[in-house]
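Colleague: In case you want the letters, here they are:
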Amino acid sequence: MRAVLAMGVIALGLAACVHTRVEETAPSIETLKLLRAEKVPAVALGPFVDAGGTAPVAGTVVIRGSTMSPPKGSGFAEFLRMGFARELGAAGRLDAAAPVAITARLTESRAGETRASIGARIAVVRDGAERFSKDYRVEKRWKGDFIGAIAIPEAFRQYNALYPLLVRQVFSDPDFVKALKTP
Amino acid sequence: MRNHFMSIRAATLSLLAAFMLLCVPTAAQAAKWFVDNSLGDLKPEEKKTPATPRPVQLIFEFQRNGEPNPRATKEVKPWILDALKATGAFTEVVEAPVAGGAVLSIKFNNVIAQEELDKAKKDGFRAGLGFGLFGGVVATDRYDVAFEYLPGEGAASVQTLVQHALHMKYGKKDVEIPGTQVKNVSEAVKMVVRQATDHGINNLVSDPAFPQ
Chain C
0 MRAVLAMGVI
10 ALGLAACVHT
20 RVEETAPSIE
30 TLKLLRAEKV
40 PAVALGPFVD
50 AGGTAPVAGT
60 VVIRGSTMSP
70 PKGSGFAEFL
80 RMGFARELGA
90 AGRLDAAAPV
100 AITARLTESR
110 AGETRASIGA
120 RIAVVRDGAE
130 RFSKDYRVEK
140 RWKGDFIGAI
150 AIPEAFRQYN
160 ALYPLLVRQV
170 FSDPDFVKAL
180 KTP
Chain X
0 MRNHFMSIRA
10 ATLSLLAAFM
20 LLCVPTAAQA
30 AKWFVDNSLG
40 DLKPEEKKTP
50 ATPRPVQLIF
60 EFQRNGEPNP
70 RATKEVKPWI
80 LDALKATGAF
90 TEVVEAPVAG
100 GAVLSIKFNN
110 VIAQEELDKA
120 KKDGFRAGLG
130 FGLFGGVVAT
140 DRYDVAFEYL
150 PGEGAASVQT
160 LVQHALHMKY
170 GKKDVEIPGT
180 QVKNVSEAVK
190 MVVRQATDHG
200 INNLVSDPAF
210 PQ
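Protein sequence lines correspond, in order, to chains C and X. Sequential numbering from 0 applies to the first sequence in numbering that gives the first Met the number 0. Sequential numbering from 0 applies to the second sequence in numbering that gives the first Met the number 0.
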């Protein structure tokens, strides 16, 4: 019986250690309505890069030894780019040949058991020249749990959910939208 | 394989049940799933379809307490697409923009109250430690399913909310569940999805603002 119980404990221990990847979130009706209401023109997406230098963002998110990584072969900055692509694509506003493009530098990516945040400097580039840039940041807080099987996936979900929120925050900024529309 | 549309409560209880099955396979009582009877199937005489159905772009998200649940979204989306096509309200349902610009957003939100979660954890541990023989637990997953239809660019949206529920019983618990038992959690969620979609789309189509 002791052996059976030990096996059970081992099984639970293994189940508690998770290595997963950040996952694609659905585009939202809220962002689509925003893009439509503001009559945002079709835009292209330029490079989305990590801050690098003296303040590089972490390559993974770690909670109690469990990790969440970016999609295979890319980083969290590229994942942010995918988020912009999904929202713009759903609204019919993504055009690789458009004269205006959005670029970004991911400056912050943090997650704990009750708090997570990401930040980025987002720029508008027209005909190869930067016309506008601004820092954007979103943060979430939630109630943690002592059970790892609840606390770990919840932290990962909360971190994952920051990306579409950042995209919406950017398109909610009248200055950013104005820069996209200014010839 | 873990089902990602399970609530935290159901997932925790399943983990406990799996642990007990590992220890004493014959003693642990399997979880039973029930689809709540309140909503039920849409009656044929209540069904409405537009005279001229149009194509629509679907934006679907499964949520937990209003937060995205990407894995569950991926698993449930094919069931939503099947259910939508079966309604006959649209000529085509796709995820890319369509001619005319119609968009249908469905948010399938699994709502969990913290006090219910705490109670389920307590009951779950007690039932688990008794191998399901000396106690049990009933957990209810509630779903708020929000439908929003945008007929086109610049048009006002049509909205409706449908509520549904799924009950799980584990161990010995002599209570009557107000639901229809189904064989497993996947079948249960499929049924919830189909019934909620049928009612939600019918509500939208019945709205005078929905293009006929």
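Simulated from the structure, these hints should not be mistaken for lab results. As the structure is a prediction and not an experimental result, all values here were calculated from the model. Glycine residues also receive a C-beta, built at the ideal position from the N, C-alpha and C atoms. Careful: at least some of the hints might be erroneous.
Said to hold, decoys possible - Among chain C residues calculated to face chain X with C-beta under 10 Å, some are:
no.	residue
1	23
2	25
3	33
4	35
5	65
6	127
7	139
Colleague: Please go over all the hints and tell whether each is borne out by the structure.
Modeller: Status of the hints after comparison with the structure:
Below 10 Å, beta-carbon pairs count as interface contacts, and residue 23 of chain C has one with chain X at about 6 Å; its hint therefore holds. Because the closest C-beta pair between residue 25 of chain C and chain X is about 4 Å apart, less than 10 Å, the hint holds. Because the beta carbon of residue 33 of chain C sits about 12 Å from the nearest beta carbon in chain X, more than 10 Å, this interface hint is broken. Taken as an interface hint, residue 35 of chain C checks out: its beta carbon lies about 6 Å from the nearest beta carbon of chain X, inside 10 Å.
Hint on residue 65 of chain C is violated. Least Cβ distance to chain X is approximately 15 Å, over the 10 Å limit. Hint status for residue 127 of chain C: violated, given a least beta-carbon distance of 28 Å to chain X, over 10 Å. Hint status for residue 139 of chain C: holds, given a least beta-carbon distance of 9 Å to chain X, under 10 Å.
Violated hints, in rising order: 3, 5, 6; the structure is consistent with all others.
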